[in-house]
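Asks: Following the hints, complete the assembly by docking chain C onto the known chain P.
The listed protein sequences derive, respectively, from chains P and C.
Residues in the first sequence are numbered from 1 upward in steps of one, following the working numbering.
Residues in the second sequence are numbered from 1001 upward in steps of one, following the working numbering.
What the hints contain is simulated information worked out from the structure, not anything from laboratory work.
The model shown is predicted, which means the values in this text are computed figures rather than measured ones.
Some clues are possibly wrong.
[Stated by the list, open to error] Okay, the calculated bits of chain C under chain P, using three or more residues with CB under 8 angstroms as the criterion: (1) 1086-1093; (2) 1243-1256; (3) 1414-1421; (4) 1451-1459; (5) 1465-1477.
Note that beta-carbon positions come from the ideal geometry of N, C-alpha and C, so glycine has one too.
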Amino acid sequence: MQRQEAIGVFFLADAVILLITGLGGYQELFVLAMVTFAFGLMYLGAYKNGTIGPFKRPFIVTYIVILLGFYGGFAYRKVPDDPAYILGFTPGAAFIVFLVWIFPVFLGFTYGYYVGHFNTGKESIIKEAK
Amino acid sequence: MSWPILAKPVILTVGIVYLALCLGTGFWAMRLNKSAHDFFAAGKNVGIVLLTFGTFAALLSGTAFIGGPGFSYAFGFGAMWFVMGPTLAFALTWFVVARKFRKIADKRLILSVPDIIHARFGSNLLRFLAGLGIFIGVMGFLSSQIMATGWVMVTILGLDFKIALLIGLAVVGLYSITGGVIAGLYTDVVQGIAMLSGTVVIAFIALTKGGGLTGLWSTLATQDVNLVGTFGTVPPMLALSSLFITVAGTMGQPHVVSRFFMVKGEKTLRWGALTSTFGFMITTALVLLVGPFIRAKVILGELEPLASPDMAALVFLMNYLPDVIAGIVLAAMLGAIMSTTDAFLNVGAAALVRDMAQGVLKRPIKDELLWGRIATVILLAGATLIALGTKTLVALLGLMGAGLLAAVLTPVLAFGLNWKRATTEGAIAAVGGGILVVVVLELLKYSNVYALPGGFQAGPVGIFVGTILMVGVSLLTSTNADKNMPPDIYEVIES
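Just chain P, with the same shape it has in the complex (with noise of 0.2 angstroms):
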């Protein structure tokens, strides 16, 4: 199979697995899905001559933090009537927090400090330097 028609099957796949996993309620099959279909894209974004380049080791430490923050946060979500808190948060919220809210900041990040030279090319990094 071509690259690209192998791209359009794992983008089908994960397609069908949302919609079934989304609608019959499985929500850790979900997130898995759900996060997987976003970095998916960011892998498409950022793909250029065969590669990713600096961006695949930011990619795969966030794509496993984020999911741990989620499983943390399903782990924990029964609260007991007198809760812990965490810097002001349940355990399952606090997971969620920061791990899925503040973390994936180092996405935007990682964007800036790569994109112009691996994304712009020779042209544009020679222009820019201009």
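Replies: The following block gives chain C in isolation, referenced to the frame of chain P:
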């Protein structure tokens, strides 16, 4: 008719000064609008400051500013799922579409998002469908902004809801009609600064008077411990589908992504994802603090329960802030709503005058600038009628509109600009399917015939179906899609 504002003249003064400032910007910007290119695309002269404020202020909107605290008042921590998406969404949107929009704008005349789609696929039918989807989505979202405008204007002017709403609309309508997107962008800066500074003051007061974050949430827990849990009292699938729409759907919000073809160059885009994310995150603190603060005061018996959760933000301002600060924050709230309203008016006018008209006539209409202004009036009137005729919460009405826009545009933009195998047939199926799925599901829900299980929203289903159609039909229709692509567009997709 009540006039509580007479007891708070400072708020009235600040509110009037702010509205006058917006109008002044509109009339000043009118001088800069010499063509449809200026009216719809700001003459491709937007720098990093205008880009940052124009993106996060336009996305923030009355949905988050009024509806967000309303949601956290009603559903506790669950409200976060509706507003936390943009931290990931801005990076995603920048990676997937930002540079490509700007590169295409260098090669073709681009004044609207469907112009980009037309440049990629060359189909007038597709351009019409995309314009139609945007038009319907804009009407839903505009209605939510108009309702939010009414609530804030009631607080500032103390007038009857309908009269207050009409005054607010007259201001936003005037500066949008006269100043186009240039006026919108400059007022976004004023509004964005007001929003950021207002949020910092609110956060400080809510935390000091509410006993800190732990104090606020633990008070809520005494009433219902579920309010402080992972999903608050929001059904999990409603929370997850709302998050999906704000993450993947942001690149399908035309009032946000249209900024990308207005910027001076690619270099301007570089730090925009980060700066816009920070702006949005700071203002999200309102959702985390104001709703729970008011709910805590109700639980403690210091306030009466609210007639509508949407009043939470306004009750906070009127009861817990000094008048001058309340006036500035009210102006900030009005700013959040107006910045989105004017952005949507501009996008909706472009959809009508440029995309739907060109889709039918197959050529640009004469005097797009004049027709753009007329279309702005029509949109404003139509959305006002919807707002006055619905009883849906501000946040939900906004989510419906955002869902439709995301369903229509996300698959076609994400795959059209990054996947060489995408075909015109696939794009038409995706846009048409997205509109159909979301409109039918929303109508069934509104008429109490059928609702998706677990509170799942129609917008994400539209994106899933749109993606399946976009990819599936493309794989079935042509193996030479990349060879049929215009060379200049091929070059952009390869970059």
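Asks: Hint by hint, note whether the structure agrees.
Replies: Against the structure, the hints come out as follows:
A stretch counts as covered by a chain when three or more of its residues have a beta carbon under 8 angstroms from one of that chain; for the region 1086-1093 of chain C and chain P the count is 5, and the coverage holds. Coverage of the region 1243-1256 of chain C by chain P holds. Counting CB-CB distances below 8 angstroms, 4 residues qualify, and the rule asks for three or more. Counting residues of the region 1414-1421 of chain C whose CB lies closer than 8 angstroms to any CB of chain P gives 6, so the stated coverage by that chain holds, three being the minimum. Counting residues of the region 1451-1459 of chain C whose CB lies closer than 8 angstroms to any CB of chain P gives 4, which reaches the minimum of 3, so the coverage claim holds.
Here the region 1465-1477 of chain C counts 7 residues with a CB under 8 angstroms from a CB of chain P, which clears the bar of 3, and the coverage holds.
The structure agrees with every numbered hint stated previously.
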